[in-house]
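Residue numbers (the numbering used here), protein chains in the order written: chain A, 105 to 217; chain B, 614 to 729.
Since the hints were made in silico from the structure, they are not lab data.
One or more hints might be untrue.
To be verified - If we take Cβ atoms under 10 Å as the criterion, some of the chain A residues that face chain B in the derived model are:
#1 Gln143
#2 Arg147
#3 Phe172
#4 Asn204
As the list claims (entries may be wrong) - Derived DSSO-like pairs (lysine-lysine); straight-line CA-CA distance at most 27 Å:
#5 B:Lys717 - B:Lys684
#6 B:Lys624 - B:Lys670
#7 A:Lys159 - A:Lys177
#8 B:Lys717 - A:Lys177
#9 B:Lys627 - B:Lys670
#10 B:Lys684 - B:Lys624
#11 A:Lys159 - A:Lys174
#12 B:Lys717 - A:Lys159
#13 B:Lys717 - A:Lys174
#14 B:Lys627 - B:Lys684
#15 A:Lys182 - B:Lys670
#16 A:Lys182 - A:Lys159
Unchecked claim - Here are the simulated distance ranges between beta carbons:
#17 B:Gln663 - A:Met115: 33 to 39 Å
#18 A:Gln112 - B:Leu652: 14 to 20 Å
#19 B:His623 - A:Ala175: 25 to 31 Å
Each residue gets a CB set at the ideal place from its N, CA and C atoms; glycine is no exception.
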Amino acid sequence: AQTVTQSQPEMSVQEAETVTLSCTYDTSESDYYLFWYKQPPSRQMILVIRQEAYKQQNATENRFSVNFQKAAKSFSLKISDSQLGDAAMYFCAYLNYGQNFVFGPGTRLSVLP
Amino acid sequence: DTGVSQDPRHKITKRGQNVTFRCDPISEHNRLYWYRQTLGQGPEFLTYFQNEAQLEKSRLLSDRFSAERPKGSFSTLEIQRTEQGDSAMYLCASSGQGGHLNEKLFFGSGTQLSVL
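All chains, full assembly: derive it from the sequences and hints.
Laid out in structure tokens, this is it:
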């Protein structure tokens, strides 16, 4: 079974600084998707960024970028120029097409003014 | 596109009662998922539909839980004889817009269940 691990239960970053959240996963598949979701205190899950495993190029969405290392099964999220609104729980998720999404336990990010 | 909607937003019930939640996915989505989330944890998979077919059900799901998606549109999740351990946020999500190249999971706002 696929598993997703986030080894950092909590992280903090100074406003305007950069922070990296870690994620590793376990799979025997070669074609899959990886996601980062953000869950603010409202508890609404919001998609931050998505990566297809067959693409070597790392995905980027404005201040958010990933470092996807397929051989190492690592998928970290970098947040640049951190803003107070970035404070939230961040969940890494894995999807093998045709199956269900598997989520990691989450990392709570605090942004310090 | 009005997003994924869930009803009710909050439900308080007494132990032993039955509860039913509803989820309306994004209209063109053919896949619908139910997840459960307790505070400080990641969403835990419960079950998944493709159109009206229930394709997967978590082994962790007790027989007291049942889900339906009768016409491949909205879905209901019923919990019978609720227990205090069922207290959680129940999240519905949908995906699928014409092929796996566009796979994204869109979540509703959830139903917060409290069992007293």
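Against the structure, the hints come out as follows:
1. At about 9 Å, the closest approach between the beta carbon of Gln143 of chain A and any beta carbon in chain B falls short of 10 Å, and the interface hint on this residue holds.
2. The criterion of a C-beta within 10 Å of any C-beta in chain B is met by Arg147 of chain A, whose closest approach is roughly 6 Å, and the hint holds.
3. A cut of 10 Å between beta carbons decides the hint on Phe172 of chain A: the least distance to chain B is about 16 Å, and the hint is violated.
4. With a cut of 10 Å, the hint placing Asn204 of chain A at the interface with chain B holds, because the nearest CB-to-CB distance is about 5 Å.
5. Taking the CA atoms of Lys717 of chain B and Lys684 of chain B, the gap is near 22 Å; set against the 27 Å cutoff, the hint holds.
6. The straight-line distance between the Cα atoms of Lys624 of chain B and Lys670 of chain B is roughly 23 Å, inside the 27 Å bound, and the hint therefore holds.
7. Between Lys159 of chain A and Lys177 of chain A the CA atoms are separated by roughly 14 Å; this keeps the pair inside 27 Å, and the hint holds.
8. Pair hint Lys717 of chain B plus Lys177 of chain A holds up; C-alpha atoms about 20 Å apart against a cutoff of 27 Å.
9. A distance of roughly 26 Å separates the Cα atoms of Lys627 of chain B and Lys670 of chain B; the hinted pair therefore holds under the 27 Å criterion.
10. Straight-line distance between C-alpha atoms of Lys684 of chain B and Lys624 of chain B comes to about 25 Å, which keeps the hinted pair within the 27 Å bound.
11. Of the supplied pair hints, the one linking Lys159 of chain A and Lys174 of chain A holds, its CA atoms being roughly 10 Å apart against a limit of 27 Å.
12. The straight-line distance between the Cα atoms of Lys717 of chain B and Lys159 of chain A is roughly 16 Å, inside the 27 Å bound, and the hint therefore holds.
13. Restraint check for Lys717 of chain B and Lys174 of chain A: satisfied, since their Cα atoms lie roughly 20 Å apart, inside the 27 Å limit.
14. Taken as a hint, the Lys627 of chain B and Lys684 of chain B pair is broken in the structure, with Cα atoms around 31 Å apart against an allowance of 27 Å.
15. With a CA separation close to 34 Å, the supplied pair Lys182 of chain A and Lys670 of chain B exceeds the 27 Å bound.
16. At roughly 18 Å between alpha-carbon atoms, Lys182 of chain A and Lys159 of chain A fall within 27 Å of each other, so this suggested pair holds.
17. Against the hinted window of 33 to 39 Å, the Cβ-Cβ separation of Gln663 of chain B and Met115 of chain A comes to about 36 Å, which satisfies the hint.
18. About 18 Å separates the C-beta atoms of Gln112 of chain A and Leu652 of chain B, a value consistent with the hinted range of 14 to 20 Å.
19. Taken as a hint, the range 25 to 31 Å is violated for the pair His623 of chain B and Ala175 of chain A, whose Cβ atoms sit roughly 45 Å apart.
Hints 3, 14, 15, 19 from the list above are not met by this structure, while the remaining hints are.
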